[in-house]
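Trainee: Here the protein sequences line up with chains A and B, keeping their order. Per our numbering, the first sequence starts with residue 344, numbered consecutively. Per our numbering, the second sequence starts with residue 344, numbered consecutively.
Everything labelled a hint here was simulated from the structure, so no lab data went into it. Any given hint might turn out to be false.
A pair holds if it fits inside one copy or across any two, identical chains being indistinguishable in the list.
[Stated by the list, open to error] Listed below are the simulated BS3-like cross-link pairs for lysine-lysine, each with C-alpha atoms no more than 27 angstroms apart in a straight line:
#1 K540 with K595
#2 K485 with K624
#3 K595 with K578
#4 K546 with K630
#5 K546 with K595
2 protein chains.
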Amino acid sequence: MNKVILLKKRPVGRPTLHDFQFSSAAIPVPPAGKVLLKALYVSVDPYLRGRMNDSKSYVSSFEIGKPMQSGTIAQVVDSKHAEFRKGDYVSGNLEWKEYQVSNGDGLAKVDGKVSPLSSYLGVLGMTGLTAYLGLTEIGIPKAGETIVVSGAAGAVGTVVGQVGKITGCLVVGITGTDEKAALLKSKFKFDDAINYKTSHNLKEAIRIACPEGVDIYFDNVGGEISDAVLSNINKHARLPVCGAISQYNDSKISSGPRLQPILLTKSATMRGFIVSDFSAKFPAAFKQLASWLKEGKLTYAETIVEGFENIPQAFIDLFDGKNKGKMIVKI
Amino acid sequence: MNKVILLKKRPVGRPTLHDFQFSSAAIPVPPAGKVLLKALYVSVDPYLRGRMNDSKSYVSSFEIGKPMQSGTIAQVVDSKHAEFRKGDYVSGNLEWKEYQVSNGDGLAKVDGKVSPLSSYLGVLGMTGLTAYLGLTEIGIPKAGETIVVSGAAGAVGTVVGQVGKITGCLVVGITGTDEKAALLKSKFKFDDAINYKTSHNLKEAIRIACPEGVDIYFDNVGGEISDAVLSNINKHARLPVCGAISQYNDSKISSGPRLQPILLTKSATMRGFIVSDFSAKFPAAFKQLASWLKEGKLTYAETIVEGFENIPQAFIDLFDGKNKGKMIVKI
């Protein structure tokens, strides 16, 4: 049998298990020109929450009654496609199915001997590229500058901080537990890390951690954490907006202090992006990340949950920050 | 006697005449290496409001008991400086005094035979450069795109719209009276103009005026007008933030819908600036504006108030939108 997870209904606010439907189907047989894939690792990512809404988002909405989709590492178990052989490992944006047929579009072969298969969903995959390209193309860090990253212990944040350190910047992470803050300093070599949940005055804590002010704020969360960082930015600051996890479950856009006055007085640039904005730069970025990884300059963390049926819960747990680094479900 | 206008106290909210002090002094005699200047035209500009606060702004604060300052066209009436002769006309950031001594720093000679003297405070001065450089360097307009500009009938807005038309864009202005809206369409060739004060649903009015959505929003005002424009932006929109006149008199930053979610979903860029960010490009920008002016491709409007003692009231009137184009006081 072939297990499948469908979108049952659109979440109102925070997603729950009731928004998903577990189903089953026969294992398909690939026709000519196609491959049969078996999912090995499924990525869950905060941005998927936007795709569960009916509203226009920056990626198209999931349909009710249809399978959910996300980044997946799969193995080719049967091939009638000239470019893929049985046993090949591939990465692609696949449906939440144990087995599925693909015509090969959007699949990229990955090599578990170069780096563990799961890393192609994280540091060498979408989140690594997002971190590297958002920081280098929008943040444009220079040695000696100060970078603050929110959601710092997540899959994107951990790479942002390390790339910042490689560049010669002072790097401060904002995260939600003392354990994660300690990990950022020990494993990921951040200069400092702030637990926003226990900080009595986040604005002041950032000011102290960033004695020269903030040149780059890599924003994964939005909301009040970002307000606190913005009050510490320097002239000509750059603010890549990568995510807004604090806002994803809001049914309407929340209010906060208007940003135009501070962007104006600081001649600062705030730019939203999705990694595909920089798709032309994927090969060079991948090569750089893989090279740093091999040289030991870059490391990563994964939170691996086991079992196909646990994909929805792993996704929901992202909104509680239960992951350290990349959240991945091993099938 | 030499009339002088000082900052008497820092305004709370909207400035009033009581915030200024009229004073007088002897007409100075220039020592060796200096010139004596007589003010002819004094510029009043919304950004001066920020300099009246004690808070850090993007330009330094005026001091209480000291003269106010702004862009001024003056004539050299006595010179002991090698580079200036009696009779020369100059532009500079001068004190609100009928007569003052200068060492020549920051003074630029202007030629009333090339363009009327007052135009060096507007279309060929700071506001023209602000419009041209903010639009071309941050907005980066391409033929066929749609530009919305707020504060459209002001000194900056009228130039933004015309440069947009020269570039081949659809240009829509937002302004505060029907008379100004009509002027934008007739004199400045805007494709459309919206009176935000009589519009029952500004967001919808902008949607109708911009059938292809908004690619560039040149923001002079901030606040709810900008909220309405932002809900109509296209993917990869560019948003130069030039001013926030609606917010300048607020004693604290007001709240509004958070911007990060829309910047994120639209991969949009919002960038605050001050014209001096682009000072390396002043000569080329001046040349382009002067050339368009000479060819008749660019026109301008001025609201000229007469009398040195009316400088403060002319400044205050900016916040009621009493100017069309550049507000200037003729001495």
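Trainee: With reference to the structure, classify each hint as holding or not holding.
Mentor: Hint check results:
Proximity of K540 to K595 under the C-alpha cut-off of 27 angstroms is found in both arrangements, the shortest distances being 24 angstroms within a copy and 26 angstroms between copies. Taking CA atoms no more than 27 angstroms apart as the test, K485 paired with K624 passes in both settings, with 20 angstroms inside one copy and 24 angstroms between copies. Taking CA atoms no more than 27 angstroms apart as the test, K595 paired with K578 passes between copies only; the shortest distance there is 20 angstroms, against 32 angstroms inside one copy. For the identical chains of this complex, K546 and K630 are neighbours neither inside a copy (37 angstroms) nor across copies (45 angstroms), given an alpha-carbon limit of 27 angstroms.
Proximity of K546 to K595 under the C-alpha cut-off of 27 angstroms is found in both arrangements, the shortest distances being 26 angstroms within a copy and 17 angstroms between copies.
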